[in-house]
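Q: Chain by chain, the residues run as shown.
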Amino acid sequence: MKLVAGVFVVLLAATHVGAASSAAVGIEKFKFTPPALTVPVGTTVTWINHDEETHTITSANGAFGSTGLGLDDTFAQTFTRPGRYEYFCALHPHMKAIVIVK
Amino acid sequence: MDRIDRRGFMECMAWAGTGLVWVATGGVLSSRVIAPAAAAEAKPGSFSFVQISDTHIGFKGQANGDSTATLQQAVDRINALQPAPAFVLHTGDQTHGQKAGAFDTVAEILKSVKTERIFYVPGEHDVFLDGGKEYLGRYGKGTVGGRGWQSFDYKGSHFVGLVNVLKYKGEGMGALGEDQIAWLENDLAPLSSSTPVVVFSHVPLWAVYPQWGWTTEDAGRALAYLRRFGSVTVLNGHIHQVLQKVEGNVSFHTAMSTAFPQPAPGSAPAPGPMKIPEADARRMIGLAEVTYVPGQHPLAVVDATLG
Numbered sequence: 000m001k002l003v004a005g006v007f008v009v010l011l012a013a014t015h016v017g018a019a020s021s022a023a024v025g026i027e028k029f030k031f032t033p034p035a036l037t038v039p040v041g042t043t044v045t046w047i048n049h050d051e052e053t054h055t056i057t058s059a060n061g062a063f064g065s066t067g068l069g070l071d072d073t074f075a076q077t078f079t080r081p082g083r084y085e086y087f088c089a090l091h092p093h094m095k096a097i098v099i100v101k
Numbered sequence: 000m001d002r003i004d005r006r007g008f009m010e011c012m013a014w015a016g017t018g019l020v021w022v023a024t025g026g027v028l029s030s031r032v033i034a035p036a037a038a039a040e041a042k043p044g045s046f047s048f049v050q051i052s053d054t055h056i057g058f059k060g061q062a063n064g065d066s067t068a069t070l071q072q073a074v075d076r077i078n079a080l081q082p083a084p085a086f087v088l089h090t091g092d093q094t095h096g097q098k099a100g101a102f103d104t105v106a107e108i109l110k111s112v113k114t115e116r117i118f119y120v121p122g123e124h125d126v127f128l129d130g131g132k133e134y135l136g137r138y139g140k141g142t143v144g145g146r147g148w149q150s151f152d153y154k155g156s157h158f159v160g161l162v163n164v165l166k167y168k169g170e171g172m173g174a175l176g177e178d179q180i181a182w183l184e185n186d187l188a189p190l191s192s193s194t195p196v197v198v199f200s201h202v203p204l205w206a207v208y209p210q211w212g213w214t215t216e217d218a219g220r221a222l223a224y225l226r227r228f229g230s231v232t233v234l235n236g237h238i239h240q241v242l243q244k245v246e247g248n249v250s251f252h253t254a255m256s257t258a259f260p261q262p263a264p265g266s267a268p269a270p271g272p273m274k275i276p277e278a279d280a281r282r283m284i285g286l287a288e289v290t291y292v293p294g295q296h297p298l299a300v301v302d303a304t305l306g
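Line order of the protein sequences matches chains P and A.
Under numbering that gives the first Met the number 0, the first residue of the first sequence is numbered 0, with each subsequent residue one higher.
Under numbering that gives the first Met the number 0, the first residue of the second sequence is numbered 0, with each subsequent residue one higher.
The hints are simulated quantities; they were obtained by calculation from the structure and are not laboratory data.
Here a beta-carbon is modelled for each residue, glycine too, at the ideal position from N, C-alpha and C.
Heads up, some of the hints might be wrong.
[Claimed, not checked] Stretches of chain A that chain P covers, calculated by requiring three or more beta carbons in the stretch to come under 8 Å of a beta carbon on chain P:
1. 92-105
2. 207-218
[As the list claims (entries may be wrong)] The following label-pair restraints were derived from C-beta to C-beta distances:
3. P:Gly61 / A:Asp152: 38 to 46 Å
4. P:Asp71 / A:Asp65: 15 to 23 Å
5. A:Gln210 / P:Ser21: 28 to 36 Å
6. A:Lys274 / P:Gly25: 18 to 26 Å
7. A:Ala99 / P:Ala22: 27 to 35 Å
8. A:Asp129 / P:Ala19: 27 to 35 Å
9. A:Ala267 / P:Ala59: 22 to 30 Å
[Said to hold, decoys possible] Restricting the straight-line Cα-Cα distance to at most 20 Å, the calculated cross-link-like pairs of lysine to aspartate or glutamate (EDC-like) are:
10. P:Lys95 / A:Glu216
11. A:Lys98 / P:Asp72
12. P:Lys28 / P:Asp71
13. A:Lys274 / P:Asp71
14. A:Lys244 / A:Glu216
15. P:Lys95 / P:Glu51
16. A:Lys59 / P:Glu51
17. A:Lys98 / P:Asp71
18. A:Lys59 / A:Glu107
Kindly generate the complete structure, drawing on both the sequences and the hints.
A: Below you can see the structure in the form of C-alpha cells.
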C-alpha cells in the first residue's frame, strides 16, 4: 500500500504562518540528512526514504509522526511555531535528528 | 548458587541451505553441517521445538523479492522434521512495518505447520504503528494481563516469552519495563534451580551491538533472576543472523530471519536488509530447531563465532 504523504499542522497558529517555504530531509543508510535542519516558521519539511528498510519520522515529544515509510515513500510536516523539534525513527531509535524552526 | 546434580542441556540446531547444527555435548559446543533428517535423534524424555523469527511479511526489496515464499519454505522445512516439533516459537517481526494484511498472511501460512501450538512474542515491526493494539488483539489472549508476555511448562522445562519492543523509544534499545521484570521474578520464584529454563524474546537480551539498538537496556535485571538456574537458554531474533554467547549457565542464541539477512555487528555503516547473491541467500535465512535432552552434562561455557 502506498503511503499517502500527509501535511499535518503541528500547532495551529494562523497569525504566525509565514511565507510558504519548503525543505527536504533524506533518509539513507539509516541516517537522516541533514541531521540538523534549520528553517523559518511556516516551512514544510518533506522526508524521503531512500532505504529499502522501513523508517519513520517520529517526534520525540509526540507532536508529529509518520507511519512506516518504505522505499521512496515521503512524509511532509509543516512547522508553524518556532522551536527545536527532535525526532527519531521508531523502528531504529538510534536514528535521531532535529528540525530547528526560527 | 545451588549445587545442581542433574542438569539438562540443550542442543541447538540452526540450518539454512545445506544446514548447520550446534550440539552441546559434555560441555563442548560444536557445530557441524547436517541434513535436516539427521536432526531427529529421539531419546527418552527428549523433545524438540522450532524457532522461527523475523518473517517480515510485507517486505519486498532486493534483499528478498518474496518474503511470503521464504516463510512457506521454512514451514515446509518444519513439516519435514521427524518427529514433528512439540511446538514452534515465533520470536517476532512477523510483519514488515505492520503492512496491511501481513498478520493475516502469517496466520494463514502458519496454519499448515505440523505442531501442537505456536507461541509468539512481538517484534518492533509488529507494534510500532499502533503500540501493539493489533498484535495484542490477535496474540494477547492467554498472556499476562493481555500484555503479550507469558510462561508455560513443557516436560519439566519452563518457557518464558518476554516482550521487549513496546518501550522502544529514544534510547535506541529494547526494554522490558518494571511490570514485566516484577512478573518474571514471581514467575521464576517457585521453580527449583534444576529446572531447565528457556527464555525467548525478539530483541536480544544481551548486548550484541548497542550502537544499532541490538540490546535490551534492562535485560540485566531479568537475567539476575535467571542466574541461579543450572540451564538457561535465551532465544532471540531481531538481528537476522546466528550469533551465540555463553555466560555461566546462560546460553544466548539469536536466530536467522526467514526473510533476509542483516550485516554482522559493526561490519557495515548501518543495519538493514543485506543484498546477497541469490545462490547464497538461502544459506543466510532459515530457522532453528532446539532439542532438549535430559542428561548429566553441565552446560557449555564456550564463546563461538560462525564463519
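Q: Tell me, in ascending order, the numbers of any earlier hints that this structure violates.
A: none
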